[in-house]
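Student: Listed here are the chains, written in short residue letters.
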Amino acid sequence: MNLTNNSPVLIPLLFLSTGIMTPVLAMKKEWLARWIALGASAASVALSIFNLIRVINVGKPIHYKLGNWNPSLGIEYVLDHLSAFVILVINAIAFLVLIYAKKSIESELPGKEVPYYASVLLMLCGFNGMMITGDLFNLYVFLEICSLTLYGLIAVGEKKSSMAAFTYLIMGTIAGCFYLLGVGFLYIKTGSLNMADVRAILPFMLDQPAVVIGLCFMTLGLGIKMALFPLHGWLPDAYTYAPSVSSALIAPTGTKVASYVLIRIFYFVFGITFVSKTLPVADIISWLAVVGIIYGSIMAIAQKELKRMLAYSTVAQVGYIGLGIGLANPFGLIGAVLHILNHAVMKACLFLVSGNFRLKLGHSNIFKLDNTIRKKMPWTMAAFTIAALSMVGLPPMAGFFSKWYLALGTIEKGNWLFLAAILVSTLLNAVYFFRILEKVYMKPIDSQSSNTHEQGTYHDHSVKENEETVKRDEVSPSMLFPTLTLAAALVVLGILNAIIVDGVIKYIIPKGL
Amino acid sequence: MTRKDNNPIVSLLSRIVSPFIMLFALYVIFHGHYSPGGGFQGGTMLAAAVLLIRLAAGREISQLQFKKSWGTPVGSVGVFIYFFTGFLALLMGGNYLDYSFLPLGLEAPVTRGWGILSIEIGVGLAVMGILVAIYDDLLEGEPND
Numbered sequence: 001m002n003l004t005n006n007s008p009v010l011i012p013l014l015f016l017s018t019g020i021m022t023p024v025l026a027m028k029k030e031w032l033a034r035w036i037a038l039g040a041s042a043a044s045v046a047l048s049i050f051n052l053i054r055v056i057n058v059g060k061p062i063h064y065k066l067g068n069w070n071p072s073l074g075i076e077y078v079l080d081h082l083s084a085f086v087i088l089v090i091n092a093i094a095f096l097v098l099i100y101a102k103k104s105i106e107s108e109l110p111g112k113e114v115p116y117y118a119s120v121l122l123m124l125c126g127f128n129g130m131m132i133t134g135d136l137f138n139l140y141v142f143l144e145i146c147s148l149t150l151y152g153l154i155a156v157g158e159k160k161s162s163m164a165a166f167t168y169l170i171m172g173t174i175a176g177c178f179y180l181l182g183v184g185f186l187y188i189k190t191g192s193l194n195m196a197d198v199r200a201i202l203p204f205m206l207d208q209p210a211v212v213i214g215l216c217f218m219t220l221g222l223g224i225k226m227a228l229f230p231l232h233g234w235l236p237d238a239y240t241y242a243p244s245v246s247s248a249l250i251a252p253t254g255t256k257v258a259s260y261v262l263i264r265i266f267y268f269v270f271g272i273t274f275v276s277k278t279l280p281v282a283d284i285i286s287w288l289a290v291v292g293i294i295y296g297s298i299m300a301i302a303q304k305e306l307k308r309m310l311a312y313s314t315v316a317q318v319g320y321i322g323l324g325i326g327l328a329n330p331f332g333l334i335g336a337v338l339h340i341l342n343h344a345v346m347k348a349c350l351f352l353v354s355g356n357f358r359l360k361l362g363h364s365n366i367f368k369l370d371n372t373i374r375k376k377m378p379w380t381m382a383a384f385t386i387a388a389l390s391m392v393g394l395p396p397m398a399g400f401f402s403k404w405y406l407a408l409g410t411i412e413k414g415n416w417l418f419l420a421a422i423l424v425s426t427l428l429n430a431v432y433f434f435r436i437l438e439k440v441y442m443k444p445i446d447s448q449s450s451n452t453h454e455q456g457t458y459h460d461h462s463v464k465e466n467e468e469t470v471k472r473d474e475v476s477p478s479m480l481f482p483t484l485t486l487a488a489a490l491v492v493l494g495i496l497n498a499i500i501v502d503g504v505i506k507y508i509i510p511k512g513l
Numbered sequence: 001m002t003r004k005d006n007n008p009i010v011s012l013l014s015r016i017v018s019p020f021i022m023l024f025a026l027y028v029i030f031h032g033h034y035s036p037g038g039g040f041q042g043g044t045m046l047a048a049a050v051l052l053i054r055l056a057a058g059r060e061i062s063q064l065q066f067k068k069s070w071g072t073p074v075g076s077v078g079v080f081i082y083f084f085t086g087f088l089a090l091l092m093g094g095n096y097l098d099y100s101f102l103p104l105g106l107e108a109p110v111t112r113g114w115g116i117l118s119i120e121i122g123v124g125l126a127v128m129g130i131l132v133a134i135y136d137d138l139l140e141g142e143p144n145d
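Chains as they are written, first to last, in our numbering: chain A, 1 to 513; chain B, 1 to 145.
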């Protein structure tokens, strides 16, 4: 066996085999499921790093032919800077969340560990397959694998989650159908499903209506999957009512993978002149994204449940990625890809914090968060503060730099309205995060009673608590470690952003952009 | 079946028909790579044979033939056979799913044929296991017959 040659295919295979064998291996020993998931996830991170280094060394895309059939007959996996980078991001986040998962799943989903971990592994198989495949139809197959498991992972949550999962099921199935229809139209016209093939054939038939319709259908389907503004209806409920671990797994990864596929389709299948010059698809995407940024931020301010606020904030942040894709210039694309990384880390960290609240306080209601938390859970709150500052976009946190590149992109495009939207949304982000930080940090603990009178609806025994009686009640190290790692990663990624951009993201920009 | 009384004709007929369905299912699976058919179709028929007994004899008795807890494991093992056939080729130095590398000691085209058969068997088991599991899961919570 030649590890170097086969490295592109190994990650999806790893998740596929462990995902399907978990129910069998862990039938009698339920504790085994967690270790299988952790082991597979750790191995996937190692393989992703190996793949990324290999791509950087080779310097050009690596093709892998499944079954040794040549492309357009067979399925091809393509490992280039873009796919290797995003795969590493997704797998690393998933690994940290899986370390975190144990206590949270035990308390929220007792007795369902085995099917839960199996679904998580299959979902990761779907994500990795979507990202690495170079075949349009194969992408659809993996899209369905991960969608089906996503519905399950959401539906196991609290009472209202089944309704949320059902909405998502309907929306997701429609999205899958749209994507498949688009692929069908392309296949009728080009006779090939291989992305590179289609890319080579398409320039000769760009004036055909079927190609235009195919592009529209695919964009629509992926727009639903990535929760682009008017198509985001399924997202807030799904992320709010899902179990904490599911939210932390899906929120940073699911929408990002769909954004990745959109980049892939726009820039590497249809070509950027077609989507931005011939047809105004990229412009439409960026306008919708800008509306989504403002809308998501305002809706986030209006929420009183932390997870729901984060869900609406995801809508806004996906808007940033959509904006970067739609700008269709190098800075925009750099911003979009960098924001895939940054937002994945930020959102994972914030959802882990909300999971910590749910485990220790029993709720994650913003109005019930009070100033005792800073003594009860100092580390969790520290992680929350760093992630919040990064979401707002304060340097040197990671969030600043992706916004910086996006802002440069809008300036290069000469669209000042977009720049204004980025700046306004930064302020709106500050509003919805600082209201929590203010409640937790800005009041001395013995002013509790006056504080509760202001809140009106708030009745709790904690009125008697003061600085001395509040006990430290932090979550266990296995949960604290991933939360703090993600928070620290935000600072590190922010400082290292130049290296990431120069070393990897610069090579993603296709020729002629 | 919510009625208590079992119709002898139904149960006898289904007991006679079920093995033949299974036999034909095996035929479809094993000839999938030469003629129309294959793992999916054969697996569906295998599941149909099991489900016929489930419907006719009731849930209790049909457990003797195929236990309720077997559905998911059989499905998993089926997918694993598919996975492992491809992975064995990878281990022997080929690309994933390149059956000509399977260590059977035959010529490449013949080896490919056996590789596809192994995959069809995996698919057949997976489809059968999952279809029966879906049926059993849907009946969960229904009053027993």
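Treat the hints with care, as some may be off.
As the list claims (entries may be wrong) - Under the rule of at most 27 Å between Cα atoms (straight-line distance), these lysine-lysine pairs were calculated in the DSS-like manner:
1. K102(A) <-> K506(A)
2. K67(B) <-> K439(A)
3. K471(A) <-> K376(A)
4. K68(B) <-> K112(A)
5. K368(A) <-> K68(B)
6. K413(A) <-> K160(A)
7. K67(B) <-> K443(A)
8. K368(A) <-> K471(A)
9. K360(A) <-> K68(B)
10. K68(B) <-> K304(A)
What the hints contain is simulated information worked out from the structure, not anything from laboratory work.
Student: Hints first: check each against the structure and report whether it holds.
Tutor: Verification of the supplied hints:
1. K102(A) <-> K506(A): violated, 38 Å
2. K67(B) <-> K439(A): violated, 57 Å
3. K471(A) <-> K376(A): holds, 6 Å
4. K68(B) <-> K112(A): OK: K68(B) and K112(A) at ~18 Å, within 27 Å.
5. K368(A) <-> K68(B): Judged against 27 Å, a Cα distance of about 46 Å means the pair is violated.
6. K413(A) <-> K160(A): violated, 44 Å
7. K67(B) <-> K443(A): Violated. K67(B) to K443(A) sits at ~62 Å, over the 27 Å cutoff.
8. K368(A) <-> K471(A): holds, 18 Å
9. K360(A) <-> K68(B): violated, 39 Å
10. K68(B) <-> K304(A): Answer violated: K68(B) to K304(A) is near 45 Å, above 27 Å.
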